[in-house]
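Peer 1: Those protein sequence lines, which keep their order, are chains E and A.
Residue 169 in numbering that gives the first Met the number 0 is what sits at position 170 of the first sequence, and the numbering runs on without skipping anything.
Residue 228 in numbering that gives the first Met the number 0 is what sits at position 229 of the second sequence, and the numbering runs on without skipping anything.
Simulated from the structure, these hints should not be mistaken for lab results.
Honestly, I wouldn't trust all of these hints.
[What the hints assert, rightly or not] Residues from chain A that face chain E, not an exhaustive set, calculated with beta carbons under 10 Å:
hint	residue
1	D184
2	L187
3	G191
4	L194
5	A199
6	A200
7	L283
Here the structure is a predicted model, which is why all the values come from computation and not from measurement.
Here a beta-carbon is modelled for each residue, glycine too, at the ideal position from N, C-alpha and C.
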Amino acid sequence: MAASLQRNLNVVEAAAPQTAPKQSKAAVPAVRVRGLTRRFGEREVLKNLDVDIAPGEFVALLGASGCGKSTLLRILADLDREMVGHVEVPVRRAVAFQAPRLMPWKKVWRNVVLGLPGRADKARALAALEEVGIGHRADVWPKVLSGGEAQRTSLARALVREPDLLLLDEPFAALDALTRIKAQDLVGELWQRHGCAILLVTHDVEEAVLLADRVLVMKDGIIAHEERIDLPRPRDVADPHFARIRGSLLDWLGVRHGTHGNA
Amino acid sequence: MSSIATITIRPGAVERRAADAKDDGTLARQRIEPASAAGQGVPRWLRRLSGPILLVLLWHVASQTGVLPGEVLAGPSTVIGSAAKLIGTGELQDAMVISLGRALAGLAIGGSIGVALAVLAGLFRLGEDFVDATMQMLRTVPNVALIPLLIIWFGIGEAPKIALIALGTAFPLYLNVYAGIRNVDSTLIEAGRTLGLSRAAMIGHVVLPGALPNALVGLRYSLGIAWLALVFGEQINATAGIGYLMANAREMFQTDVIVVCLVVYALLGLGVDFTVRTLEKVFLAWRPAFSGT
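Extracted from the complex, chain E is given alone in its bound form (with noise of 0.2 Å):
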């Protein structure tokens, strides 16, 4: 598959930050995004935006709350058509919302396999639940799971899909700091098992930061800034590079900050 075939360069890159072989793959990218606009009444969420991600490429969309990156991720999961201009995204891609959007009806397991093909498999939601952690969970209903249990379920749902783009909208938003934690790392880990393309919208810039290839910031409907990370894998948030990358996507985003100065 070109998308593992591409994660394999990413990784590759990591020890030594290099741009130039995504570069040449960006021909080919996972979604292609050129000139789209998307009115809701008079005001224009989306202007005219152009965005790239290469196949198995991370990238983050900051910014603040009403500034359209939901707005951004709902176009791209084809669940708003209400728009202008040129779309192009992979077949197989799956979603997990901030809310995990389970279906309460179904055995955890059950929610996992929903929508594949053929007869509900469970050795295979077994093995997507093994590999977020909680396939002790499995036959349970969604009800009695934490937040975090829930999440990651709504993740196993979504990598069992094998997808070529993933979006993550605000997943970890509405879990404990501690939870969270746990959940970026884990989302780490399954984007460089998977390699699959990664969209991830979220207003917190450590995470961005922390888990992302490269970082967009989105301000009244236009990408204003792009930040490539190179920092080296697993990242460091005392890392100084780390705090002074994350000082200036602050800036950014037009809020002033008491740690700028110790980068």
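Use these hints to put chain A onto chain E, whose structure you have.
Peer 2: Same frame as chain E, but now just chain A:
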């Protein structure tokens, strides 16, 4: 009555805290008892039963002392005797089977029509336009008022009785199933779309299960109305069933038999309600709602 965790408020608790603290320098405290301590002693079911038992006792005493004459209302002992006699001859069982059969037949017909129309109106815009306005209009007609028309259409046999029950039960199921389908969580529909569900799979895996809680509420209403319609329907020249027993008893001023029939109606109603609640327990086990424990 209920097993809510209770607090034993000792002297010197909340309200007097400030004063106490000033008076003797000790901290006002309250003891929080474990929940299991509440309602110990008399079991809850026994406490719940004490009301009805007391009522029957009063009734018995009133009958025995002549305060309540037999022509007005037979005493419990007479009623029990009549019930035993009716059971002995097999009359009561036969009547129950026939009445229950009518209720279930009416419910099956009316319920199927109600659910089918609700699915049609809930899932398809065209169905909604055709069906919903019509149903909303028809449901305002009190169905008991249709009895004369039903008799003209169906005669005085079984058909008008079952038709009356069917008419009564179709509407609650229609309204609730339709509302259930329309109120399915739209975020789950979206999730289903991102999972690549076909239209049929979306209906089977998302829409209909989502409408199930409402459907069962509708079933409960329908059963209540089925019973009511049964009582009315059996007044139409019945030759068998509980209503027939009652009509006969009325002719002969047998208040004891009338009471037996009333009790049987009540017990059948309770039995059916219990069945629906069991269905809810089985089919709605996934629901995170308060379970009433």
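Peer 1: Under the constraints set out in the numbered hints, which ones does this structure not fulfil?
Peer 2: 5
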